[in-house]
Every structure is written in C-alpha cells, then in structure tokens.
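Assemble the complex: chain H is given as a structure, and chains G and Z must be docked to it using the hints.
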Amino acid sequence: MADSMLVIVTKPPYGLEDAFAGLRLALAMSVNGMKVSVVEIEDGVYNAVAGQKPEAVGMPSNVDATTELYDFDVSVYVVKEDLEQRGIEESSLVDGVKTISKDDLRDLLAEHDVTTTF
Amino acid sequence: MAKTMTIIWRSGSMMAMDVNVATKLAAAALKKGYMVKMFGYGEGITAVKKGQAPKRFPNVGDDLVELAEAGAEISLCETCYAARGFHRGEEIEGVKIGSLTNNLFRFVSESDRLVTIAR
Amino acid sequence: MVKTAFIVIRSPQELEFTETIRRLAQQDDASVILFEDGVYNALQKERAQQLNEVAAEVMVAVDDLEARGFSGSDLKAGKTADYDDIVEMIMERTDRTVTV
Chain H
84 MADSMLVIVT
94 KPPYGLEDAF
104 AGLRLALAMS
114 VNGMKVSVVE
124 IEDGVYNAVA
134 GQKPEAVGMP
144 SNVDATTELY
154 DFDVSVYVVK
164 EDLEQRGIEE
174 SSLVDGVKTI
184 SKDDLRDLLA
194 EHDVTTTF
Chain G
25 MAKTMTIIWR
35 SGSMMAMDVN
45 VATKLAAAAL
55 KKGYMVKMFG
65 YGEGITAVKK
75 GQAPKRFPNV
85 GDDLVELAEA
95 GAEISLCETC
105 YAARGFHRGE
115 EIEGVKIGSL
125 TNNLFRFVSE
135 SDRLVTIAR
Chain Z
359 MVKTAFIVIR
369 SPQELEFTET
379 IRRLAQQDDA
389 SVILFEDGVY
399 NALQKERAQQ
409 LNEVAAEVMV
419 AVDDLEARGF
429 SGSDLKAGKT
439 ADYDDIVEMI
449 MERTDRTVTV
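Residue numbers (our numbering), protein chains in the order written: chain H, 84 to 201; chain G, 25 to 143; chain Z, 359 to 458.
Watch out, some of these pointers could steer you wrong.
Okay, the calculated bits of chain G under chain H, using three or more residues with CB under 8 Å as the criterion [unchecked claim]:
{"id": "1", "segment": "105 to 115"}
{"id": "2", "segment": "118 to 131"}
Sample of chain Z residues at the chain H side, in silico, Cβ under 7 Å [to be verified]:
{"id": "3", "residue": "VAL360"}
{"id": "4", "residue": "ARG381"}
{"id": "5", "residue": "LEU382"}
{"id": "6", "residue": "ARG454"}
{"id": "7", "residue": "VAL456"}
{"id": "8", "residue": "THR457"}
Worth flagging that the hints you see were computed from the coordinates, not collected in a lab. Every residue gets a Cβ at the ideal spot worked out from N, C-alpha and C, and that includes glycine.
Okay, chain H solo, but in the shape it has when bound (with noise of 0.2 Å):
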C-alpha cells in the first residue's frame, strides 16, 4: 500500500495544463498525510522560475500552486543541470524550491512508493 509519492514534472508552466494539475495533485494528496515530493526536471524546472506574471495570460499562478504545498511538507525539487541547460540560475527560483543534481535522482525515486508524471 502506497505511503508516499513522487510527482515527477516535465512540462513547462502555461502553455499546458499538466504542471498546474501535477501541483494540485501533490496538495490533494499531502493535505490528507501522504509523503509527496515534486521534482521538476528537464522543462518543468521553468515551473520554479520567480518573478512569473499568470495574469498576463489570464492563468492560475504555478508559483502559488507551489508555495501552498510548503504548509503539507511537501519538498518541491528541480534539478541543477537542467537550470544550467536553460540558463536559468539558482538565485532567480522561487523562495523554498531546494535544488539537486541528477546524481540524486535514484535515490529519490527511491525514496517514494508510487510516481506520477505530468
């Protein structure tokens, strides 16, 4: 029976629904006690970038989505190597999104019983 889970996010914010959706589904399932993490790797490290502006495109704030998931404990991941790629640098993420290496990927896979992706 699965305790815990990993929601894995690979697409960017905006263009699609599937980050946006990925978040909630984290909050749904941390709000009743499962164990969730969030990892944003390849295009879903554009989800941690601060400074977004949903209301020029009339879309729900991923940035929120977010930060709401810091008061369930929820650990909101991106990996370095795909900020590098992307030019994006750590100091430009929203408050609270921790940064790993794609060395750390297995074991947090690991960590977690189920996985689902958007």
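Showing chains G and Z alone in chain H's frame:
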C-alpha cells in the same frame, strides 16, 4: 489479498489511443486477479461521457462500463469535469464523480502500483 | 535496489527519454514498456541501442507493433509482449512505474 493497480489517465477519449491502452491494461490486470482502480484527470474525464458513438473507433465509454461491471473502481475529478461543461448524470454507468482529495487519495493509498497514462 | 518499469507512449522524434531513464535508475533496475508510437523506439537503430544501454529489459506491446505494420522480427531492441506480460512486469517484476 490480491494486489491493487491504480491507473490515472489524463488523455481525452479520442485524442490518442491512450485511453484504449489504459482500458486494455485494466482488463488484463482484472483477468489476472488483481484489483483495479482507475481515475480520470484533466482531459481524461471526456472518456466517461454517456452516449459516445464513434462510427469506426473503439468506444472507450463502453470499455469503461465493462471494466466497472468486471469490478474495476472508476472515479474522476469533478473540478475537471465541471470545467469542461459536463454535469452529474451525463456519465456512463459505474463511474463515480469524485475528487483528487477523496477518491484518488484513497485509490493510491490502497494501491501496490500506480500507472500513469498521459502524454 | 528497487526496480522500475518505465512507460513510453511517444515516438523517438517526439521524446528523448533514454537520458531520463539513465538518471532515474541504473540499467539492471530499469525495464521499459513501449506502447502506441513508443514502439517505434525499438525499431530505430540508434534509439534501440540507447534503450539497450539504459534498460535491462524492453517490452514492446505487440498489438501496437503489428497495427503499425511491423513484427517481432523487426525489433532492434526488446521483445514483443501482450498485456498479460505487461501486467506481470508491472505487478510482479518491478516495484514501481514511471511514465516518461
């Protein structure tokens, strides 16, 4: 007790063959004696609309009805359902309109494996 | 180590996923299940070679392969599998799935 597989599907009823993959996987798991739960999220909810009548393509609505009759527990996200203009009562038999917080949480908690069919 | 079944439903041109698998699991612990256009990954020489490098086992959904005009003898990676085999892989032979 038999192990449980939960399948989350997020692709629309006919945008790809994804829902067919989900239903075939569910059918095979049930046949092998596993418990099966399925949850429609995002565009996936379109697969539970009653009265689908594709002329040539497989009818995923009928496939889901058969799965429910065979013992699969099927639910979906009401927020996603309402967002697309669907209303309670428009869904096929055997499907429970639900939520991430209640239904999917319970499905995942009771599952040994979680499979995501989405693109 | 825990074993992971990676699920792929997209073609080689749509998605580069072998590096993702490499990051998430070592080869001995990784299996790949190819559905729909994912089956094309096992037919292309270069991608098939990458698959063989990152995964210990590659399963190709036989319905989807045959629907597209190919058969098991065309595969450059993996073996054909029916839904029974795939369920067995997910439920008994690996510990979790990751859809890429």
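Structure-based check of each hint:
With 0 residues carrying a beta carbon less than 8 Å from a beta carbon of chain H, the segment 105 to 115 of chain G misses the three-residue requirement, and the given coverage is violated. Only residues whose C-beta sits within less than 8 Å of a C-beta in chain H count toward coverage, and the segment 118 to 131 of chain G has 5 of them, enough to reach three; the restraint holds. About 5 Å separates the beta-carbon of VAL360/Z from the nearest beta-carbon of chain H, less than 7 Å, and the hint is met. The restraint placing ARG381/Z at the interface with chain H holds, with a minimum CB-CB distance near 5 Å, inside the 7 Å limit.
With its C-beta approaching chain H no nearer than about 5 Å, LEU382/Z sits inside the 7 Å limit, and its interface hint holds. Annotation: interface hint on ARG454/Z holds; nearest CB of chain H at approximately 6 Å, less than 7 Å. For VAL456/Z, the interface hint holds, since its Cβ comes within 7 Å of a Cβ in chain H; the closest pair sits about 5 Å apart. Annotation: interface hint on THR457/Z holds; nearest CB of chain H at approximately 4 Å, less than 7 Å.
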